[in-house]
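Enquirer: So you can see what is in the structure, the chains are spelled out below.
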Amino acid sequence: MKQLLILSGKGGTGKTTIAGAFIKLAESRAYADCDVDAPNLHLIRPHASPARRSDYYGMRKAVINEDSCKSCGFCRQNCCFEAINESNGKYVVDAYACEGCGVCEAVCPIGAVSLQPTVAGELMLYKEDGVFSTARLKMGSGTSGKLVTEVKKQLKQEAIDADLAVIDGSPGIGCPVIASLSGVDMVLIVAEPSLSGLSDMERIIKTAEKFKMKIGVCVNKYDTNKELARKIETFCQERELPFVGKIPFDNAAIKAINRGQSIVDVDCPAGRAATKVFYKTLLIMNS
Amino acid sequence: MKIAVLSGKGGTGKTLVSVNLAAAAEAAVYIDCDVEEPNGHLFLKPQDIKNEGVAVKLPHADPKLCTGCRTCVDFCKFNALAYIKDRLIVFSEVCHSCGGCLLFCPQKAISEKEREIGLIQSGISGNVRVVSGMMNIGEASGVPVIKKLLRDSRKENKDVFIDCPPGSACMVMESIKDADYCLLVAEPTIFGVHNLEMVYELVRLFQKPFGVVLNKCLEEENPAEDFCLQNQITILGKIPFDLKLGTMNSNGQIASRKHPKYKDLFLNLLETVRKEARHETASDT
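As you go down the protein sequences, you meet chains A and B in turn.
So for the first sequence, the numbering used here puts the first residue at 1; every next one is plus one.
So for the second sequence, the numbering used here puts the first residue at 1; every next one is plus one.
Only chain A is shown next, with the shape it has when bound in the complex (with noise of 0.2 Å):
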């Protein structure tokens, strides 16, 4: 199975939007929504049956019994990420800011504090025409990235017959979106032309090559600033980066998005150049 991701290193620029549209394109039998912090993929890929859900649990966290717990307070004192808090003499773990190193359960001369299982999220599995792999992490919970690595573990377990995986990455360079890298075959960067989305673009093809990954670029919404699109388009050239092609702003796209539909189920401008786009992807992905 061949894997294609879809990143951008910014939100907003239409990840979702292009992955919808190429799942279409591809008939694909396998595809994962990785950005587990505000996944949308599910939004334009109705399903008819529920999906299988499973419980993602996370780091441990440190619990005080307040039976035992004498508040010497040698755990607040020795924990690198304040994150236990006293009033009054007693002492209680904020969740949040723990991040499960255990030093206060180690430090703790009486055993009163130990490290627990914490569910961080929910893993959930659609299964009808094709295998759809997707998550959500718990409100306020870390570890992002182990939560993407577990999304494509199910992927690619449940869809060993899929000829293309189609990815929607996380936003960002950082820890989820270097899990959702590791064994994907290309990445496709959607750029949005704009200041900001020139420099998030730089950003995520330095994290893009620094894992050594084949790239295309194409530009999304690339008449709202005809000048920064050439300026994106120009710069792949001068890297030698496959230019994959720029698809319009179009008021049917968001139409078709609010419907729950994809770009390529209604016929329009955007929708026929995110289907150029798909092509020339394939092409160099195979090439």
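Keep in mind that the hints were calculated from the coordinates and are not lab data.
Some hints here could point you the wrong way.
To be verified - Here are the computed lysine to any residue pairs in the SDA-like style, where the Cα-Cα straight-line distance is at most 20 Å:
no.	chain 1	residue 1	chain 2	residue 2
1	B	K77	A	T118
2	A	K226	B	E197
3	A	K280	A	A252
4	A	K255	B	K177
5	A	K138	A	K90
6	B	K244	B	E276
7	B	K177	A	G140
8	A	K156	A	G145
9	A	K231	B	G246
10	B	K77	A	L115
11	A	K212	A	E202
12	B	K77	A	S114
13	A	K146	B	K77
14	A	K231	B	T247
15	A	K138	B	I124
16	B	K244	A	K212
Fit chain B to the given chain A structure using the hints.
Expert: Positioned in the frame of chain A, the structure of chain B alone reads:
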């Protein structure tokens, strides 16, 4: 007053709202906590830039003292340590700098060394002090950069606008922890509503007073507005979808500095936010 601007997702207009509010205020501090993709400085173009590195502490074993007992390796919950061929290896990217290895080494063989993971860049842009956190490429977590950004800002007595990272995970939590008020930016699509729901859940979990700014508003239906009305969420203002504003923004210009119409829009929004925040904090106490 510390105001955190968040949206659940990138591209909704967090940076647009925070830089324009900061520019509209008489004197303000703008802090870019989107350390993976900081953009505020592209708009504010600060001068007199000062750079300061952000480092985390990494363990380092003195080979003369280390006996290879592996106490540290067994303790480390992040698998950041290994003892291979008579030597302690540190996997720096996964180390959380908890200090456990140092604390529990029976030989006192471990000391800490600093490793730079990013930098903080500060400068001045007219009425605004601009502070941006920038995580180095290839690093897994920017949380230490955000922690330092916000620790330094605790002593500010001007209005502080915190431009948050997207999402609702650890980096966002870190960014809103100290905020007095949260400003949620939402766009009128079903993606927008879904992301708004997530940050709405987050600010309620942290019991922060908050309100919503609707961005890119069109004449047509607005699912984000419907969501606010259904859930009785305060709508602080609406920013119209407007090609001129979009172009200024994509070229890195600050609309409230360029155009009186937008100056008014953001000044009004700022007043509403201040009023709401004062009201909310007063009713809290």
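Enquirer: Now, for every hint given, state plainly whether the structure supports it.
Expert: Results of checking the hints against the structure:
1. K77(B) / T118(A): holds, 15 Å
2. K226(A) / E197(B): At roughly 34 Å apart (the allowed maximum being 20 Å), E197(B) and K226(A) break the hint.
3. K280(A) / A252(A): violated, 23 Å
4. K255(A) / K177(B): violated, 37 Å
5. K138(A) / K90(A): Roughly 27 Å separates the two Cα atoms, so the pair is violated.
6. K244(B) / E276(B): violated, 29 Å
7. K177(B) / G140(A): holds, 11 Å
8. K156(A) / G145(A): holds, 17 Å
9. K231(A) / G246(B): Within the cut-off at roughly 18 Å; holds.
10. K77(B) / L115(A): The hint holds at about 11 Å.
11. K212(A) / E202(A): It holds: about 15 Å lies between the C-alpha atoms, which stays within 20 Å.
12. K77(B) / S114(A): holds, 13 Å
13. K146(A) / K77(B): holds, 14 Å
14. K231(A) / T247(B): The given pair, whose Cα atoms are some 15 Å apart, holds under the 20 Å limit.
15. K138(A) / I124(B): Outside the cut-off at roughly 38 Å; violated.
16. K244(B) / K212(A): Violated, because 39 Å separates the two Cα atoms, which is more than 20 Å.
Of the numbered hints stated above, those contradicted by the structure are hints 2, 3, 4, 5, 6, 15, 16, listed in ascending order.
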